[in-house]
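With chain A fixed as given, assemble chain B onto it according to the hints.
Here is how the chains run, residue by residue.
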Amino acid sequence: MNWFLANTGLVGDLMLQHARLSVIPIVLGLVLAIPPGVLAWRWGWARGPVLAAFGLLYTIPSLALFVLLPPILGISFLSELNVIIAMTIYAVALMTRFVTDALDAVDPAARSSATAMGYSGWSRFWAVELPLAGPVLLAGLRVVAVSTVSMVTVGVLVGIRSLGFLFMDGLQRGNAAQIVTGIVATVVVALFFDLTLVLLGRILLPWNRRTPRVARRLALRAGGAG
Amino acid sequence: MNLFHEAWLWLTAEEQWTGTATLLSRTGEHLLYTLIALAISAVIAIPLGYLVGHTGRGKQLTVAVAGAGRALPSLGLLTVLTLIVGIGDALIAATVVFVVLAVPSVLAGAYSGVENVDHAVTDSARAMGMTPWQVLLRVEAPLGLPLLIGGLRSAALQVIATAVLAAYVGLGGLGIYVQRGIALRRYEEMLGGAIAIVILAIVVDVFFAILARIAVRAAGHQGKLSARAATEGTP
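Heads up: the sequence lines are chains A and B, in that order. In this text, residue positions in the first sequence follow full-length UniProt numbering: the first is 1, and each later residue adds one. In this text, residue positions in the second sequence follow full-length UniProt numbering: the first is 1, and each later residue adds one.
Chain A extracted, bound-state conformation (with noise of 0.2 Å):
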């Protein structure tokens, strides 16, 4: 605690810092992974392929990836950009897998009404069975953020600043204060995505009234790349 109120302000910046580099891949985590997720939902013979393509991507440990994207783009190992693009490959193939799930789990009576009322093809995905799988939706990015947040710490081994400073200067001073100071800062910032998320989804998704099942369901299954 005193390291902490004699630091404030370095946490306070590093905080910051963390969420800016958590917050583009975690949208971009979203949008990215409606279209494989669709693709593998919709067309039976894609569905194997795409999601054991994304599940593949979701196998590399996160320091090779830091490691082994730069030669590839042709970027800086110490570019912010190298931890941003990596976490957002890492939330498209989480997400992906959310997609195709949360619009297998939209109730097919639902869909067979909105074809009933003349709803047909994109019209009635955009919506009908996209909104209903808002909810399922919701729960996976909850999910990709807070993993998001916590990976992004091992960017701090290939020298991108973040919380995951804390961990390495502190290991280095040999001050466990230090270091359960950045623990606890990276679960703030965590918490800080996931309560966002369950706000912005009572303002966007007024329909979501309780979590769903399959929702509980993927909220376990996925585990983190570390």
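Treat the hints with care, since some could be wrong.
[Unchecked claim] Only part of the chain A face toward chain B is listed, based on derived beta-carbon distances under 10 Å: (1) T8; (2) A52; (3) L56; (4) I60; (5) V152; (6) T153; (7) L157; (8) L166; (9) V180.
Calculated directly from the structure, the hints in this document are not laboratory data. Here a beta-carbon is modelled for each residue, glycine too, at the ideal position from N, C-alpha and C.
Below, chain B without anything else, positioned relative to chain A:
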């Protein structure tokens, strides 16, 4: 792309494959850490998951634990625990961290595997005179095996990813090449190490995918219902 060529040369160089600290022995260390953590997590989490799945109690708690576990940064846990137990006992610290990371996935796999079994099936088992233990061990556990393996698979991948960080507390493993490569600006070593890590992760992933397929076949039709999750990829 030239860097990748150099990394390839580094990976295939003789010094990586002969002597005392070879790529193979580093891979062995990495796998050993993973196996130890996985075994401890299985002993803790499988009975607990079966209990939750069988009785239906503590579901919310399981979800909460899984969520909280995800928020904890593994690098932070690893560094602080290493400081607390002392760098000489870093292996203990690392194992605790790996277990903390692996338990939620295994727990979720064990729990959802049992929970997913059709109630008609468990009811018939009871009607046939099976005791609760028999229902659990002969019906729910085998049918839930595909999802349990799915849980072990995410746990294993998570531990492999975190074991990469173990090099930073002096434990070796494949992460050592990345750590040394970055520190000494030897890019070919850093990239070569990263490639080796990715290959190891993919091999382990494929291994569990095959296991899951075997389990699905053994569990028959009931297993198939719950198995898509286990065979289609990590999350």
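Check your understanding: Close enough to count: is the Cβ of V180 of chain A nearer than 10 Å to one in chain B?
Key -> Since chain B brings a Cβ to about 6 Å from V180 of chain A, closer than 10 Å, the hint holds.
**Study point:** Hint validity - V152 of chain A Cβ closer than 10 Å to any chain B Cβ
**Key:** The hint holds - V152 of chain A has a Cβ within 10 Å of chain B, the shortest such distance being about 8 Å.
Practice item. Would you check whether L157 of chain A satisfies its interface hint, that is, whether its CB is within less than 10 Å of any CB in chain B? Key: With a closest approach of 7 Å, the L157 of chain A hint holds.
Practice item. Answer holds if the nearest beta-carbon of chain B is closer than 10 Å to that of T153 of chain A; otherwise answer violated. Key: holds, 4 Å
Review point. Close enough to count: is the Cβ of L56 of chain A nearer than 10 Å to one in chain B?
Key: holds, 7 Å
Check your understanding: Close enough to count: is the Cβ of L166 of chain A nearer than 10 Å to one in chain B?
Key -> holds, 8 Å
Check your understanding: With 10 Å as the cut and Cβ atoms as the points, is I60 of chain A at the interface with chain B?
Key -> holds, 5 Å
Practice item. Closer than 10 Å between Cβ atoms is the bar; does A52 of chain A clear it against chain B? Give me holds or violated. Key: holds, 5 Å
Review point. Against chain B, is T8 of chain A within 10 Å by beta-carbon distance?
Key: Not OK, violated: T8 of chain A not within 10 Å of chain B, min 19 Å.
Going through the hint list in order, the structure does not satisfy hint 1, though it satisfies all others.
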